[in-house]
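Whenever a hint applies, use it, and build me the whole structure from the sequences.
Sequence order for the protein chains is A and B. Straight run, no breaks: the first sequence in my numbering ends on number 540. Straight run, no breaks: the second sequence in my numbering ends on number 234.
Some hints here could point you the wrong way.
In silico DMTMM-like cross-links for lysine to aspartate or glutamate, where the CA-CA straight-line distance does not exceed 20 Å [to be verified]:
| # | chain 1 | residue 1 | chain 2 | residue 2 |
| --- | --- | --- | --- | --- |
| 1 | B | K103 | B | E209 |
| 2 | A | K433 | A | E453 |
| 3 | A | K271 | B | E201 |
| 4 | A | K417 | A | D494 |
| 5 | B | K103 | B | E201 |
| 6 | B | K73 | B | D50 |
| 7 | A | K470 | A | D270 |
| 8 | B | K217 | B | E197 |
| 9 | A | K271 | B | D49 |
| 10 | A | K271 | B | E11 |
| 11 | A | K470 | B | E42 |
| 12 | A | K470 | A | D494 |
| 13 | B | K108 | B | D49 |
| 14 | A | K470 | B | D49 |
| 15 | A | K417 | A | D135 |
| 16 | A | K169 | A | E62 |
| 17 | B | K73 | B | E11 |
| 18 | A | K266 | B | E42 |
Worth flagging that the hints you see were computed from the coordinates, not collected in a lab. Given the structure is predicted, the values throughout are model-derived calculations rather than measurements.
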Amino acid sequence: MRKLSVIAFVLFLPLLLLTLIQLNDTLNDPGVTVYNYVKKADRNMTPSVDHTQFEILKQDFEDAHKVTAACLSCHTNRHEEIMATSHWLWQRNEVLEGRGVIPLGKKNILNNFCIGIAGSEATCTRCHIGYGWVDQSFDFEEPTNIDCLVCHDKTGTYQKEKGNGGYPKASVDLNYVSTHVGSPGRDNCGVCHFWGGGGNNVKHGDLEISLLDCSLEVDVHMATEGENMSCVDCHVTEKHVMAGKLYALSSENKSRASCEQCHTNKPHNDKILDDHNIRVACQTCHIPVYAKVNDTKMYWDWSSAGELDEHGEPFHEPDVDGNHKYMSIKGTFIWANHVIPEYYWFNGIADHQLITDQIDTIPVQMNTLLGSYRDKGLLQESEQPSKIWPVKVHRGKQIYDMVNNTLVQPKLWDKEKGKNAFWLDFDWDASVKEGMAYLEIPYSGEYGFVETEMYWPLNHMVSPASQSLKCIDCHTRNNSRLANLDDFYLPGRDNNWQIEASGIALIVLSIIGVIIHTFFRIIFRRRCFLRNKFEGGNES
Amino acid sequence: MKKIYLYKGFERFWHWTQAFLIFFLMLTGFEIHGSYHLIGYENAVRWHDDAGWALLILMVFASFWHMTTGEWKQYIPTAKNLRAQMEYYLTGIFRNAPHPTGKRILSKLNPIQRLVYFALTIIVIPVMIISGFMYLYFNYPLQGLALDSLQPIALIHTIGAYILITFVIIHLYLITTGHTIWSNLVAMITGWETMEEEEAEIAVEGVIESTTKHYVKTLNGDKKKKDKKKKTEE
Chain A
1 MRKLSVIAFV
11 LFLPLLLLTL
21 IQLNDTLNDP
31 GVTVYNYVKK
41 ADRNMTPSVD
51 HTQFEILKQD
61 FEDAHKVTAA
71 CLSCHTNRHE
81 EIMATSHWLW
91 QRNEVLEGRG
101 VIPLGKKNIL
111 NNFCIGIAGS
121 EATCTRCHIG
131 YGWVDQSFDF
141 EEPTNIDCLV
151 CHDKTGTYQK
161 EKGNGGYPKA
171 SVDLNYVSTH
181 VGSPGRDNCG
191 VCHFWGGGGN
201 NVKHGDLEIS
211 LLDCSLEVDV
221 HMATEGENMS
231 CVDCHVTEKH
241 VMAGKLYALS
251 SENKSRASCE
261 QCHTNKPHND
271 KILDDHNIRV
281 ACQTCHIPVY
291 AKVNDTKMYW
301 DWSSAGELDE
311 HGEPFHEPDV
321 DGNHKYMSIK
331 GTFIWANHVI
341 PEYYWFNGIA
351 DHQLITDQID
361 TIPVQMNTLL
371 GSYRDKGLLQ
381 ESEQPSKIWP
391 VKVHRGKQIY
401 DMVNNTLVQP
411 KLWDKEKGKN
421 AFWLDFDWDA
431 SVKEGMAYLE
441 IPYSGEYGFV
451 ETEMYWPLNH
461 MVSPASQSLK
471 CIDCHTRNNS
481 RLANLDDFYL
491 PGRDNNWQIE
501 ASGIALIVLS
511 IIGVIIHTFF
521 RIIFRRRCFL
531 RNKFEGGNES
Chain B
1 MKKIYLYKGF
11 ERFWHWTQAF
21 LIFFLMLTGF
31 EIHGSYHLIG
41 YENAVRWHDD
51 AGWALLILMV
61 FASFWHMTTG
71 EWKQYIPTAK
81 NLRAQMEYYL
91 TGIFRNAPHP
101 TGKRILSKLN
111 PIQRLVYFAL
121 TIIVIPVMII
131 SGFMYLYFNY
141 PLQGLALDSL
151 QPIALIHTIG
161 AYILITFVII
171 HLYLITTGHT
181 IWSNLVAMIT
191 GWETMEEEEA
201 EIAVEGVIES
211 TTKHYVKTLN
221 GDKKKKDKKK
231 KTEE
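Quick look at the structure:
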């Protein structure tokens, strides 16, 4: 009996020890702690002033410029802040690795959606915070060209007109809007950032109208039932300069909005999970899928654009979900929802395929995200190691110059036919000639279509912690989320086949050896098994 | 027949705790390795880490015990009888030939055991513990002491794991080659191994004569007396 209890104790002790350690870990979970953020409940949300009482706003504004003038008469010199921002300039000076400082932005960069704004400004600038940008003659120095209302409208009635360089619709009551202004909400930002690329959720995949009123499952931060956060709660704004930017347009690792600014880089109260943050972005585990409500565009093939119906008119066809499958003006699309991101190493620095750059990879990388496992931040300007990021990759086929081997800018839009706008005249050659002449860049006259890829690191639609990725989503041999990120050893996913084969062979051989040895012991000399049952004591 | 006290209390505690931990580390380790799904990846990682710590602590105590008691000398490899021992396992055992190496209190291990345990103690276990803790604490390639890549550490740790499994299989088999299938196992559990009179005489060789009585029990009734005597002594 005593022996048994000793054995039980000996076996039980380590188990007990382990259980205690484990228990200790689980008891230390205090929930989510955030910094640099005041909860909605603890904030005074009442506006500081009542704009309806200001005399200067009690007028029937002749035009939108007059509203801006009225704003600036009290908010003096705010225009200087605005005019320095990328929201106004649609470009900023950015260093491109190995290429020096280049002004980059919507003004001049190409994408694989509507390609670029050049020549079609009047329609694209419906999303510009200004009035009257219809061509290169726009005056970026005129303060009353600023559109204050598109960001500060709190009535939800302010709308810009299509194809009119950013002016509001004639139906907008400027007096009503100008007296009901305040800090931008999700609807203000969303009117452009949700609808980029010509439709809801076309571009980002994680920014779309469902976020205006969503559940915690869709986005823990913006959920109506939760903190109901506005964009500027994270995209902290100082003097009209908003933190955070998009790698579709920028290239440097600076002025980024980050999870860490509120959650710190050790938010889990668990060493193993916190350590992951050294090489894994928060977004990777916490945004397991994107386009959680409405579809996002995954593929855009321009090469099929231009087909016309029997009357010579453009047409469009919906797919089973009601999204455009084909449009004469734009080509063929593929849409998807609940998309699993693709994963890339990213150190915060991106390169861009400029209109003047030679095409050297196919698919053309519109905005290469730089980084690798070996990039530990020592040789890069980021000073941070590359992390694994979830990315929406938008693939497409778009027009390029087959002789000069560069991407090209076709003119897409105009008010009327006969001005070489592709969307009206459906003549690729003429529209590219027009667009390239507008930019004063040579075009050979030989065009083709080339495959392209564009990368959209995901940041929004953060899921509740309970729905974030589990270890096994990546640390597994089959269907690992990181299956394509094969430049490093990932436990649970990777092994060395020579070692596996030798190891298993070793085990199998030893088992075979044991079996054979046992067999011989039985066959040759049963006595060696049960020695003392036989005569016994014939050996020492 | 006599019983000889071969394995002391701590020795047995150390052996069985280590056996449990190695088995447990194996089970969780190969789940982390991706070989199967058993208790869940996260659980496997956390238990494996904790068990690794437990093994390290046990090793510190075991080393201390071996050093202070002088038991470490039992692991020094010897070529004497090495060949004979191999021949015994390959042929002699089938002929019911005698064990070439008698078990002694001061030299429990046969030459093959000495060699294998020495290699485990000096190479395999330290390599597993060191690579294991490097796996734990320097797994994110950064600056300084951090590793350039996790891969070599992971591969070394895997090789060690396969060697240990092989050891365990063969070890478990060879313990059945004692007097009876169970005599070695019983000895490691109770500390007492049953032996023939002549074997017992060899076993106590070198033990200081006045202490011999603590190590030897005569079977057939003497055992009970001895137990009672022991109790009164206590």
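Item to check | Proposed proximity, E11 (chain B) with K73 (chain B) (alpha carbon, max 20 Å) | outcome: holds, 14 Å
Item to check | Holds or violated: K217 (chain B) to E197 (chain B), with C-alpha atoms at most 20 Å apart | outcome: holds, 11 Å
Checklist entry - Quick one, are K470 (chain A) and E42 (chain B) close enough, alpha carbons at most 20 Å? => result holds, 8 Å
Next on the checklist: Need the status of pair K103 (chain B), E209 (chain B): alpha-carbon distance at most 20 Å?
Outcome noted: holds, 18 Å
Item to check | Proposed proximity, E201 (chain B) with K103 (chain B) (alpha carbon, max 20 Å) | outcome: holds, 10 Å
Next on the checklist: Hint check: K266 (chain A) vs E42 (chain B), CA-CA at most 20 Å. Holds or violated?
Outcome noted: The hint holds at about 18 Å.
Checklist entry - Is K433 (chain A) within 20 Å of E453 (chain A), Cα to Cα? => result Distance of about 24 Å is beyond 20 Å: violated.
Checklist entry - Within 20 Å, alpha carbon to alpha carbon, are K73 (chain B) and D50 (chain B)? => result Judged against 20 Å, a Cα distance of about 31 Å means the pair is violated.
Checklist entry - If you draw a straight line from the CA of K271 (chain A) to the CA of E11 (chain B), is it 20 Å or shorter? => result With a Cα-Cα distance of about 35 Å, the restraint between K271 (chain A) and E11 (chain B) is violated, given a limit of 20 Å.
Item to check | Hint consistency between K417 (chain A) and D135 (chain A) [alpha-carbon to alpha-carbon, up to 20 Å] | outcome: Satisfied, since the Cα-Cα distance of roughly 18 Å is no more than 20 Å.
Checklist entry - Regarding the pair K271 (chain A) and D49 (chain B), is the alpha-carbon distance no greater than 20 Å? => result holds, 12 Å
Next on the checklist: Holds or violated: K108 (chain B) and D49 (chain B), Cα atoms, limit 20 Å.
Outcome noted: violated, 33 Å
The structure does not agree with the numbered hints 2, 3, 4, 6, 10, 13 stated previously, though it agrees with the rest.
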